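J.: Starting from the given sequences, assemble the full structure and let the hints guide the process.
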Amino acid sequence: MNKKLSLFFFLICYSLFSLKANQIRVFPKNGINPIHAALLIAKDYDTLLVQTGTYAEGNILLEKPITLIGINYPCIDGKFKGEVFTVSANYVTIIGFRIINSGYSDLNDFAAIQLMNSDFGKFINNKLEGNYFGIFLHNSHYNRIEKNTIIGPARVQNKVGNGIHLWNSSHNLILNNHIKKHRDGLYFEFSRQVLIANNTSEENLRYGLHFMFSDSDVYYMNSFINNGAGVAVMYSHHVTMAKNKFIHNWGSSAYGLLLKDIRDSKVLNNEFTKNTVAIYMDGCSRSELIKNNFNNNGYALRMQSNCDDNLIRLNNFRANTFDYATNGFMVLNSFNYNYWDKYTGYDLEKDGIGDQGYRPMNLLTKIIEEYPTTIVLLQSFLSDLLNLLEKVLPSLTPENLIDNNPMMNPIS
Amino acid sequence: MMKITKYLSLSILKSRFMVSYGFILFILCSGLFFLSNDMDKAIIGIHNVLLILVPLVVMIYSVSQIYQSNDFIRLLLTQPIKRKVIFYSQYISNTLVLLLVQTIPIALSLILFSDGTYLFPIILNLVFLTFIFSSISSLIAYKINEKVRGIGITIFLGIYFLAIYDGLILLIIQLMSDYPIEKYGILLSLFNPIDLCRILFIFKMDISALMGLTGAIMEKFIGSGLGSLIIYATLFLWAVIPLVFAAKLFNKKDY
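Chains as they are written, first to last, in my numbering: chain A, 1 to 412; chain B, 413 to 667.
Keep in mind that the hints are not guaranteed to be accurate.
Covered stretches of chain B (in silico footprint by chain A; criterion: 3 or more residues with CB under 8 Å from a CB of chain A, positions within the stretch not fixed) [to be verified]:
#1 570 to 581
#2 584 to 591
#3 598 to 605
Derived by calculation from the structure, the hints in this document are not laboratory data. Remember, predicted model here, so these are calculated numbers, not experimental data. Every residue, glycine too, gets a C-beta built ideally from N, C-alpha and C.
T.: Encoded structure:
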């Protein structure tokens with residue numbers, strides 16, 4: 001009996017040991033294509049420990065679940081030809097690589113790491129430099145992209161791809177990445193329920209963040225700094241954007257945050273500093289803008305009159321050239337309890353809420369909307385005079401565009 | 413010429429008005445830095461104060477100064493001094509004293525409370541405005557003999573340059589809005605030195621990104637060598653042409 005039991009245990013242990021995934025060490029001097037060679041002998045779920053050095057092996061195709069770990073950032077050089085890593089299996093992990101110089105093509109979107117129909121992968125701590133696209137996900141779900149540094153090539157806009165590009169890829173986690181100098185820093189299309197947190201996207205040629213048809217995504221604590229055209233989000237619903245920073249997206253066609261056809265979404269606790277237009281809203285419905293800080297922007301809010309049922313509550317508007325602009329007389333949105341630094345009313349009851357309403361759109365803004373050339377009168381004595389007149393006798397700005405309960409002090 | 417200029421300048425500098433004007437300017441400009449939490453906004457505020465205050469003060473002060481020194485000039489004319497010398501020493505002493513009294517407080521507040529990036533454009537605008545409105549006011553003062561009428565016209569001209577002309581621009585743009593008139597916005601402002609200084613400063617402040625198509629077109633114009641040459645030449649002409657006419661009037665004036 002005892003013998004049988006010990007044999008049984010031995011067999012179990014043996015089988016467990018034989019099941020244990022292998023670790024394969026890869027050195028740059030192992031033959032011509034060391035990584036390819038290692039991949040050939042590796043079984044599913046094995047780990048490749050790639051030692052430091054430079055590897056230029058052309059396209060590396062990962063067709064089975066495998067873990068690649070770079071020791072001391074081994075450099076994988078694409079030599080400007082084709083893709084570097086192409087992943088077409090589930091459970092692939094790539095950690096700690098320096099991947100440079102993927103190819104450029106007008107027909108194919110060559111990326112440093114390309115995922116085709118592969119789920120449950122992890123792509124952590126990589127340094128991607130000078131690639132056409134950084135990380136490109138095709139129809140790949142439940143992946144984790146974390147702590148990567150992605151720096152684009154120094155080329156003109158139409159020859160630079162996106163930093164992290166998701167196409168039809170849902171339930172992914174994009175965390176703590178730093179993206180720089182790509183066309184769009186982060187790009188999502190048809191990608192639902194993605195969490196994007198703590199990323200920094202800066203100095204991109206076009207948008208820091210760009211998404212379309214990507215519903216129920218959450219953007220949390222990201223920074224979008226100094227991008228060519230700011231951030232543009234379109235045709236999505238149930239999007240949450242909280243605690244993000246939109247800083248210095250400045251230029252004649254740049255926006256801090258462009259919302260186009262967004263509905264049932266929330267924009268909470270964000271910070272908008274020094275953007276030409278902090279938020280531009282076009283065709284947005286039932287969205288909430290709460291507790292945002294607008295500092296030193298050209299236009300703080302620019303809301304086309306096709307926006308309806310939006311709530312603008314408890315925001316701080318400080319030192320913006322224009323607080324609000326709209327293009328028509330119809331205002332279907334509600335403003336309440338915001339702090340406007342240009343508010344000059346009084347508060348007799350001392351409840352912290354001004355007794356008179358505040359009209360965020362001044363007459364000059366209205367005139368500029370109708371006759372754009374009149375912007376040559378910006379900051380002239382006449383424009384101050386006109387704004388004062390409109391404040392005393394409102395007649396030309398939209399009737400129900402009013403914050404009836406403006407706060408006396410900034411909201412913390 | 414040096415001697416007359418020196419005596420005239422010293423007599424103006426002694427006046428209580430000049431000292432208090434400089435002091436008020438300093439308090440106003442430094443106050444703006446304390447009132448607004450943002451430095452850029454404070455600098456825009458200072459520039460606005462400059463655009464509104466300087467033309468009016470310069471014009472009214474130099475017109476009344478010329479009327480006041482009428483007796484002194486008559487006395488000088490009995491001496492063997494050329495009329496041109498008397499005219500230019502009067503103009504230069506007036507302008508230089510005003511320039512001194514305005515530049516020092518504004519420059520001081522800018523140096524003390526800001527990083528000084530906008531010091532040069534603001535002072536440049538100040539110099540231009542002082543010279544331009546000083547020569548316009550000497551033209552008025554020598555053209556019109558009655559003091560009250562002269563000052564009345566000066567105040568009207570000040571308000572015209574400050575507000576009425578901009579109103580006309582607004583009207584013209586509104587009437588012509590069916591045509592592509594973006595290019596002509598800047599052309600219209602060539603006829604008003606205050607507008608010209610304001611636009612020059614706006615483009616220095618990088619607010620032009622707000623201005624859309626008009627801004628882009630204007631930026632292209634101002635950014636180009638020819639454009640800025642035209643603007644500075646226009647500002648120069650605004651100072652020189654009234655002065656030349658005033659000098660002619662003074663030469664022929666019957667005291």
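J.: When the hints from earlier in the document are held up against this structure, which numbers fail?
T.: none
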